[in-house]
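Listed below are the residues making up each chain.
2 protein chains.
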Amino acid sequence: MAKGLTSRAENYAQWYNELVIKADLAENSAVRGCMVIKPYGYAIWEKIQAELDRMFKETGHENAYFPLFIPKSFFSKEASHVEGFAKECAVVTHYRLKNDENGKGVIVDPDAKLEEELIIRPTSETIIWNTYKNWIQSYRDLPILINQWANVVRWEMRTRLFLRTAEFLWQEGHTAHATQAEAIEETLKMVNVYATFAEKFMAMPVHIGAKSESERFAGALETYSIEALMQDGKALQAGTSHFLGQNFAKAFDVKFASKEENKLEYVWATSWGVSTRLIGGLIMAHSDDKGLVLPPKLAPYQVVIVPIYKGEQELQRISEKVNEITQKLRNIGVTVKYDNRDSQKPGWKFAEYELKGVPVRIAIGPRDLENGTAEVARRDELTKEVVSMEGIETYVKNLLDTIQENIFKKALKYREEHTTKVQNYDEFKDILENKGGFVLAHWDGTPETEERIKNETKATIRNIPAYLPEEDGVDMITGKPSKRRVLFAKAY
Amino acid sequence: MAKGLTSRAENYAQWYNELVIKADLAENSAVRGCMVIKPYGYAIWEKIQAELDRMFKETGHENAYFPLFIPKSFFSKEASHVEGFAKECAVVTHYRLKNDENGKGVIVDPDAKLEEELIIRPTSETIIWNTYKNWIQSYRDLPILINQWANVVRWEMRTRLFLRTAEFLWQEGHTAHATQAEAIEETLKMVNVYATFAEKFMAMPVHIGAKSESERFAGALETYSIEALMQDGKALQAGTSHFLGQNFAKAFDVKFASKEENKLEYVWATSWGVSTRLIGGLIMAHSDDKGLVLPPKLAPYQVVIVPIYKGEQELQRISEKVNEITQKLRNIGVTVKYDNRDSQKPGWKFAEYELKGVPVRIAIGPRDLENGTAEVARRDELTKEVVSMEGIETYVKNLLDTIQENIFKKALKYREEHTTKVQNYDEFKDILENKGGFVLAHWDGTPETEERIKNETKATIRNIPAYLPEEDGVDMITGKPSKRRVLFAKAY
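Note that the protein sequences, when read in sequence, are chains A and B.
If you number the first sequence the way this note's numbering does, the last residue is 493 and the count never jumps.
If you number the second sequence the way this note's numbering does, the last residue is 493 and the count never jumps.
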């Protein structure tokens with residue numbers, strides 16, 4: 002255990018909280034429920050952003066920016082949306098402070114009350130569809146394929162760093178289409194982009210599927226999610242993509258003149274988003290009792306080099322060699338940090354970079370210089386090997402690929418071992434209690450049964466995976482017929 | 002004049018507003034004072050961000066993220082800061098809405114009143130220094146070199162797209178240092194980074210200098226700015242860098258154990274920022290009566306290709322050639338858009354891309370195919386030339402460099418022609434009224450004189466350029482002695 006890090010077995014929740022703090026990823030701020038994302042954590046977010054942004058642009062999307070504030074009345078326009086979101090919002094009521102006449106610092110100026118209160122966006126469908134109304138007249142204006150990188154606020158009562166915070170960073174795509182088919186295609190395309198990102202970059206296997214009706218986004222006709230499994234056997238919803246039908250177009254009166262019949266039709270909509278919550282998933286999917294384990298594709302730096310030396314002269318000889326290696330690694334796109342600080346011993350540094358999850362560590366001492374070798378350690382397996390300096394850059398490059406793959410395989414193996422098909426409710430409850438993970442069970446499709454299961458076991462339907470074959474069965478509680486199994490789990 | 006764009010001579014302010022709208026850069030939103038940044042405008046912001054972010058990282062800075070909200074009491078801790086910022090803030094007082102019992106939509110839930118109001122950050126010194134307090138114990142923790150990309154809100158009464166909006170996007174650097182000298186060096190380094198960016202990327206010449214005391218950032222001991230000249234003869238403050246001394250360290254009690262004497266000392270601070278206001282400057286510095294003129298280094302796409310054709314077959318032959326050229330251009334890092342829409346005529350497209358300021362337009366028709374040529378038009382000079390397709394990528398690449406340089410030179414020439422040294426107050430007023438631009442005049446260094454000049458002429462001291470040689474003179478109003486001229490102008 003690194004620097005007194007609680008082990009996962011001992012207390013998983015505490016292990017997570019300590020790890021986020023000790024690895025310098027984030028911390029709680031002076032404002033209840035809001036976090037400070039520290040440079041090392043933010044560097045991971047920048048990597049996530051860069052890759053997703055590239056994927057969004059490759060699929061034809063552009064970025065734009067809409068206001069932080071939403072007039073209160075906008076929320077009332079889409080009936081189910083207001084139910085889902087208006088409850089937990091930060092509300093701006095005044096626009097000025099003034100000095101207290103009694104000398105007690107600053108107070109809110111009662112004369113500066115807004116006529117209509119402004120809500121800090123919890124999500125931007127309403128303000129965006131109010132804007133799209135002016136952008137869309139004819140089929141020629143469609144599709145609109147826009148994404149926004151932004152902060153949003155949801156007044157959560159129980160918060161946890163990255164996983165659930167009052168303010169968080171995210172991206173929200175908002176697209177407008179001429180046909181239902183095109184909007185559905187977009188919804189599916191984007192949930193698949195998320196799945197590809199999760200698996201190829203985060204090394205985190207996910208289940209793609211539709212949400213049950215009661216778990217849909219407020220205002221959506223269909224919500225698709227990607228669901229990942231954490232090491233404590235709980236699921237994490239890592240991204241969602243919503244087919245919004247014509248709900249927001251109707252709420253904000255957005256119509257277009259169609260090509261064929263030149264009549265006015267309501268526009269079809271989608272929205273989709275992932276947030277800084279992904280960082281929480283990344284941590285919980287791979288890390289161990291020594292600290293973070295980061296997939297090379299998202300690590301702020303992929304390689305750290307630590308010199309083992311006595312005296313300034315030895316350090317200088319090692320540093321010369323390190324500069325050579327660093328240059329070669331950078332030339333082939335590998336990011337490297339050289340830690341030649343004299344204030345810390347190598348052993349301390351080793352523990353520090355294990356804690357921070359740097360995928361590959363290279364140590365070079367005077368004997369290595371003689372032998373033309375270096376010690377290369379991999380974070381995922383905590384193994385090390387002495388390799389020749391000659392061609393070390395190729396060795397490391399390949400090792401990074403191996404690590405990326407290995408992390409994914411481990412997570413996949415864990416998921417496979419923790420996905421259980423059950424035949425009846427007793428088995429269902431037993432698995433949830435004693436093994437955890439995903440449970441595949443038959444469900445009669447009613448919100449009542451879903452609700453009962455949730456109340457009795459805390460497990461929810463994560464989604465209804467499309468890849469699962471149809472299979473005749475009966476609901477494990479009501480005995481009513483079921484056409485396919487659905488994916489249950491306790492979840493974050 | 003493009004699409005009924007008002008000319009600059011006719012009404013500069015109206016020309017600006019129309020141009021922002023017609024070129025699809027931004028528009029006013031449903032929320033007073035807040036803008037929607039449209040994809041074309043946001044793409045310019047992304048280019049600006051990418052370059053600045055690279056420059057910040059090259060100078061040793063890392064990104065992080067701090068909360069949107071600041072507890073009200075934080076503002077009272079730094080006396081001059083609260084004077085400068087607390088007046089025009091969005092204030093969050095409640096955290097929940099509920100359904101109105103009388104069925105009138107949603108209302109603010111009076112039971113959900115915050116104990117302490119939260120201010121939407123107008124700038125983040127207070128919340129950040131409250132955080133730094135926990136990060137800094139010893140000299141080993143210094144320097145802290147952090148930047149944040151974020152939205153901020155200042156409740157402006159009179160707003161203009163990009164130039165002055167209630168919400169805007171910006172970056173704010175916040176650094177902490179062990180010594181005064183180091184903090185001053187950082188302050189100067191960053192204002193120079195801004196100047197380099199303005200001149201090399203925005204092609205916008207700027208004056209670097211210190212602000213007069215009355216124009217300093219609230220809480221700073223010294224503020225440096227870059228000041229650019231717009232085509233209507235008014236100055237635009239395009240970026241600022243502040244030496245904050247120990248003011249925020251004292252306000253938030255941030256001390257460190259120094260290396261030499263191991264005693265506790267207050268930390269030295271800087272902050273520095275530029276915002277989406279830069280886009281306003283970019284527009285006003287270069288654009289003309291036909292529309293935007295964008296410097297190639299910040300243009301969302303540098304080249305647009307328009308086919309001139311009759312019939313599907315001709316289009317296909319042209320498109321094949323265009324694909325070849327496009328590939329060659331992309332290979333050498335040039336961004337290209339091919340507009341083969343059949344819904345618009347070439348003439349319409351030409352006007353559209355002039356309006357949008359695309360630096361280079363290539364038109365290819367059937368005769369060009371026969372002759373192995375293409376027509377290349379440059380936006381800055383509105384000239385065109387027929388060039389050989391052979392090696393056209395090199396021609397275009399060089400042309401983009403030429404345009405970048407030419408735009409800068411034009412702006413520099415305009416500034417030189419509109420910078421006037423005056424000897425007395427009559428001359429000063431005459432220049433401001435009849436010629437505009439920067440005026441270099443002697444000033445006695447008192448806020449009283451500065452205030453009087455501002456009231457009588459609307460001109461302010463933009464800054465005190467460091468590069469100006471010392472020169473004995475007398476204040477043009479009071480006749481008191483002066484050691485150097487300072488830079489006056491009417492300003493945005």
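Keep in mind that the hints were calculated from the coordinates and are not lab data.
Possibly wrong hints are sitting among the right ones.
Put simply, identical chains are the same to the list, so a pair is met inside one copy or across any two.
As the list claims (entries may be wrong) - Subject to a maximum C-alpha distance of 30 Å in a straight line, what follows is the list of computed DSBU-like cross-link-like pairs (lysine-lysine):
#	residue 1	residue 2
1	Lys190	Lys48
2	Lys58	Lys491
3	Lys105	Lys481
4	Lys58	Lys23
5	Lys410	Lys48
6	Lys58	Lys260
7	Lys350	Lys260
8	Lys48	Lys322
9	Lys260	Lys414
Remember, predicted model here, so these are calculated numbers, not experimental data.
Checked hints:
no. : hint              : in the structure
1   : Lys190 <-> Lys48  : both (22 Å within a copy, 27 Å between copies)
2   : Lys58 <-> Lys491  : neither (35 Å within a copy, 42 Å between copies)
3   : Lys105 <-> Lys481 : neither (67 Å within a copy, 42 Å between copies)
4   : Lys58 <-> Lys23   : between (35 Å within a copy, 24 Å between copies)
5   : Lys410 <-> Lys48  : within (22 Å within a copy, 38 Å between copies)
6   : Lys58 <-> Lys260  : within (27 Å within a copy, 50 Å between copies)
7   : Lys350 <-> Lys260 : between (65 Å within a copy, 22 Å between copies)
8   : Lys48 <-> Lys322  : within (29 Å within a copy, 37 Å between copies)
9   : Lys260 <-> Lys414 : neither (51 Å within a copy, 51 Å between copies)
Of the hints listed earlier, those the structure fails to meet are numbers 2, 3, 9, in rising order.
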